[in-house]
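Just need the whole structure built from these sequences, with the hints factored in.
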Amino acid sequence: MKRALLAALQVADRVDQANRQLAFVVRWGLLANAVLIAGNAVSRKLFGVASSSMYDVQPHFFAAAVLLMAAYTLKRDEHVRIDVFSGLLGSRGMAWLDLAGLLLVLLPLCAAAVWVTWPQAVASFMTGETRASRESLSEFPAWIMKGMLPLGFFSLATQGAAEAVRCVAFLAGVAPRPLGIEHPDRRGLA
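Residue numbers (UniProt numbering): 1 to 190.
Just so you know, these hints were derived from the structure itself, not from any lab. What you were told as hints is all true, and nothing was included just to trick you.
Just the calculated beta-carbon pair ranges, DEER-fashion:
#1 V80 <-> Q120: 22 to 30 Å
#2 E139 <-> P176: 45 to 53 Å
#3 A41 <-> L89: 44 to 52 Å
#4 V122 <-> S43: 29 to 37 Å
#5 L46 <-> Q10: 51 to 59 Å
#6 V66 <-> R177: 25 to 33 Å
#7 G128 <-> G87: 48 to 56 Å
#8 L36 <-> P108: 33 to 41 Å
#9 G173 <-> Q58: 47 to 55 Å
#10 L88 <-> M126: 45 to 53 Å
#11 V84 <-> G173: 22 to 30 Å
#12 S43 <-> A111: 42 to 50 Å
#13 I37 <-> E139: 12 to 20 Å
Computed from a prediction, not measured in an experiment: that's the story for all the values here. All C-beta atoms in this analysis are idealised placements derived from N, C-alpha and C, irrespective of residue type, glycine included.
Dropping the structure here:
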């Protein structure tokens, strides 16, 4: 069992690395998006020329960034928690609580989201759907944004599985306490 958990922890570390790299790309994408928006605003003010397409797709870029950063946020234990019981539980109790949340809520939700959104993203890609064929003036390919949904939920699911492995390894005494398995007062919160 110990050998299997150690191998699973190595896979979890690779998942961490992949989601860290994805977050790095998304951060640069956010910077590029901000520069484009600012350039569009300056162009509109100085020259009276602006791209309405930029206004159409900007909220979608932001939504994609949120989805694609969710896994990294979970990895860093910076996600929103509603820990009613955390003050009552020790490290092992928190590990069990986190494991239950990951296995009973996060992973099934991500699996359902990927299952529902993947066919729509593929259909959009196959038909060459653009935003103009929907509610927008932009010819921006809709499959890019639709593809962000299953990708974001898949990366969140892989990170959730990695965190679940860490919880199991901690509970089995094979690995140290995962990042999130502490009392809330670790950050000065009482």
